[in-house]
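S.K.: Protein chains in written order, with this note's numbering: chain L, 1 to 279; chain C, 1 to 192.
Check each hint, because a few of them may be wrong.
Claimed, not checked - Below, in silico cross-link-like pairs of lysine-lysine (DSSO-like), each with a Cα-Cα straight-line distance of 30 Å or less:
no., chain 1, residue 1, chain 2, residue 2
1, C, Lys170, L, Lys221
2, L, Lys49, C, Lys169
3, C, Lys36, L, Lys79
4, C, Lys170, L, Lys34
5, L, Lys18, L, Lys124
6, L, Lys18, C, Lys10
7, C, Lys169, L, Lys11
8, C, Lys10, C, Lys43
9, L, Lys124, C, Lys10
10, C, Lys169, L, Lys18
11, L, Lys34, C, Lys10
Hint data in this document are derived by calculation from the structure and do not stem from the laboratory.
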Amino acid sequence: MHGRLGSRLVKELASGEKGQLTHFNDELLNEVIKECSENFLALQSLIRKMQEEGLDFQTTRNADHYGALINHLSLIRNKRCLMAYMYNRAEMIQNLAWTVGLRLFELPEEIQEKLSHLEKDYFKRHSAALESYMSKVDLNLNVWMPQKSHENGSESLSVGLLMTKVHLSDEESEGFGNNILLSVSIDNVTCCKKSLIKIVLINQIFKANVLVSAKDMVPPKDPYIKVRVLDDLGEGIVVSDKAANFARHSMHFLKRTDAEPYISRVFLAQQGLMEELTG
Amino acid sequence: MNDTSSRNGKYFDIDEILIEEELVPVVFHKSANGVKVDPSAEKDCVDEGAKVELPFWLSQELYLRQAVSINVPACFNQKTRREIQADAANVDLRSRCPYFYEFGCKIAPIVGDRTIGKMLLSTFQMRYKDILTKAHTAAYAVASKFLAVLTKEETNLYEAAQSSMAAFKKWRIGGPRIQRASVLGRKRKPID
Chain L
1 MHGRLGSRLV KELASGEKGQ LTHFNDELLN EVIKECSENF LALQSLIRKM
51 QEEGLDFQTT RNADHYGALI NHLSLIRNKR CLMAYMYNRA EMIQNLAWTV
101 GLRLFELPEE IQEKLSHLEK DYFKRHSAAL ESYMSKVDLN LNVWMPQKSH
151 ENGSESLSVG LLMTKVHLSD EESEGFGNNI LLSVSIDNVT CCKKSLIKIV
201 LINQIFKANV LVSAKDMVPP KDPYIKVRVL DDLGEGIVVS DKAANFARHS
251 MHFLKRTDAE PYISRVFLAQ QGLMEELTG
Chain C
1 MNDTSSRNGK YFDIDEILIE EELVPVVFHK SANGVKVDPS AEKDCVDEGA
51 KVELPFWLSQ ELYLRQAVSI NVPACFNQKT RREIQADAAN VDLRSRCPYF
101 YEFGCKIAPI VGDRTIGKML LSTFQMRYKD ILTKAHTAAY AVASKFLAVL
151 TKEETNLYEA AQSSMAAFKK WRIGGPRIQR ASVLGRKRKP ID
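One chain only, chain L, in its complex shape:
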C-alpha cells in the first residue's frame, strides 16, 4: 500500500513517550526512500508511455494519468513523512543543548546512541551556533555553569528562557535563519515584576552577570534551598568559597544558584547529583 511505511515512521515518533528520543530508525527510513524511488520510476514510465502513444500528458485523463497522479501523491506524502520525522527529532536535539549540555560528550550514553551520525553533527553545529551567539552578545546562557560571584551585589538576575524558536523553511531545513526569538523574564530586587525584554537589551542595560535557568521560570522565594546529596561527591567541591563534605545522603542548606547545576544536570551517572528537599 502506498505511503504505509512512511506513516509507520511517523507513528514511531508519536508512540514514544512524550519528549523522549527513540532510536534512529535507519532501516525504515531507507525503506521509505526506496518506496519513493519506486514511485518515481512508476511515474516516469507512465508518462513515457503516454508520450509514446502520442498523447498530451498535460490534458489527457486516462488510466495512465490517474496512475501517475497516485504515484505522484504517494511520493509527496512519503516526503512529508520523512521530513516530519527528521524535523521533529531535530527539535528534540536542539532542546538537548538547552537542557542537558552543549557538548556531545556531556550527553548520557543512552541518548548518544539513539542519534544518527548526521544528528550528532547537527547537535554539534547547533551548539556551536549557540556558543557563538552567546559570545557575540557577551552573555552566558548556560544553566549548568555557576557564575562568578555577582559583581553588582544585589542585582542578581535570574533570567528564564521561555522559548527559543528557530525558523526553518520546509525545503531548506539545513541552515537556520538568524531569527532567534528569546523571551526573557526577570526577577530581582530592583524590578520585582516579571517583564519581557529582549535578551540583547538586558545585556546592554544591566552589566551584571546573568544566570539563565532553562527550567525554572518562577522567581524564587528564598535564595537558599535545602538539598540532599544523591551521590557521593566527596569534599572536593567548593561552593560560595566554602568547602563542604558532600557525602551521599547528607543534607545541606545551599545557595540556590550553587545547587542548581547539581540538581538539573545529569553527569555520567544516570541521575542528578542532588535533589531539592521541600516540606
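Chain L is already provided as a structure; the job is to place chain C on it using the hints.
M.R.: This is chain C only, laid out in the frame that chain L set:
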C-alpha cells in the same frame, strides 16, 4: 508543496499526518495503471468501479479531481451513532478511530453527509463533562481502563485537567521546582 496542510503551517505536525492516514472507503470512477492500491486486483492497477479503502490524504486529492467518490468511513456509521446516543461516555472511540473528531472535521465537507458535524459536537459535549470529572476523581486502577476508550484529543484533555490540578496543588503547598531535564527520563540509578 501546495496541499492544504502546508499552508496552515502543520506540515511537520505528527498528529496531522496520522489523521490523514485514516482509511476512507472509496469507489473509483476512473481506472488507474501502475498502482498498488487494490489488494484484490491481480495486476498493479485499479479498475473503474473498484471499491477500495484508501488513506485520507490520497482519497481527498482523488476526490477533488473527480476520480473517486467517497463513502462514510466505518467509524461514523449508524451503529456507532446509535451506541453514542445510548451512552456516549462509554463508547470505545479509540479503537474506532484515535482521531475521531479531527478526522470527522476533515471528512465531513467532502463526504456530503451533513449530520456528521452535529454528531461530532454532541458526542464531544456528552463526553467532555465525564472526562473532566473522571480526571479529578478516578482512582489510578479505574483510570487506565477509562483512558483506553478515549481518543487522542480526549486523552490530551484528560491529562491537561490532571496536570492543572496537580500544578494548583503544588502551588498551594510548594514543592521542588528545579528538576532534572525531562529528556533524560525518569530512570533512577538502583541503590547499591
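S.K.: If a hint holds in the structure, say so; if it does not, say that too.
M.R.: Now the hints, each set against the structure:
Of the supplied pair hints, the one linking Lys170/C and Lys221/L holds, its CA atoms being roughly 14 Å apart against a limit of 30 Å. Between Lys49/L and Lys169/C, the direct Cα distance comes to roughly 69 Å. Violation of the 30 Å bound is thereby established for this hinted pair. At roughly 18 Å between alpha-carbon atoms, Lys36/C and Lys79/L fall within 30 Å of each other, so this suggested pair holds. In summary, the hint linking Lys170/C to Lys34/L is not supported, as the alpha carbons are separated by about 51 Å, beyond the 30 Å threshold.
With a C-alpha separation of about 24 Å, the suggested pairing of Lys18/L with Lys124/L holds against the 30 Å cut-off. Using a Cα cut-off of 30 Å, the hinted pair Lys18/L and Lys10/C holds, with the two alpha carbons roughly 19 Å apart. Proximity of Lys169/C to Lys11/L is assessed by CA-CA distance (about 34 Å); at most 30 Å being required, the pair is judged violated. Restraint check for Lys10/C and Lys43/C: the C-alpha separation of about 36 Å exceeds 30 Å, so the hint is violated.
Proximity of Lys124/L to Lys10/C is assessed by CA-CA distance (about 27 Å); at most 30 Å being required, the pair is judged to hold. With a C-alpha separation of about 23 Å, the suggested pairing of Lys169/C with Lys18/L holds against the 30 Å cut-off. Between the alpha carbons of Lys34/L and Lys10/C the distance comes to roughly 25 Å, so the proposed pair stays at or under 30 Å and holds.
Checked against the numbered hints above, the structure violates hints 2, 4, 7 and 8; every other hint is satisfied.
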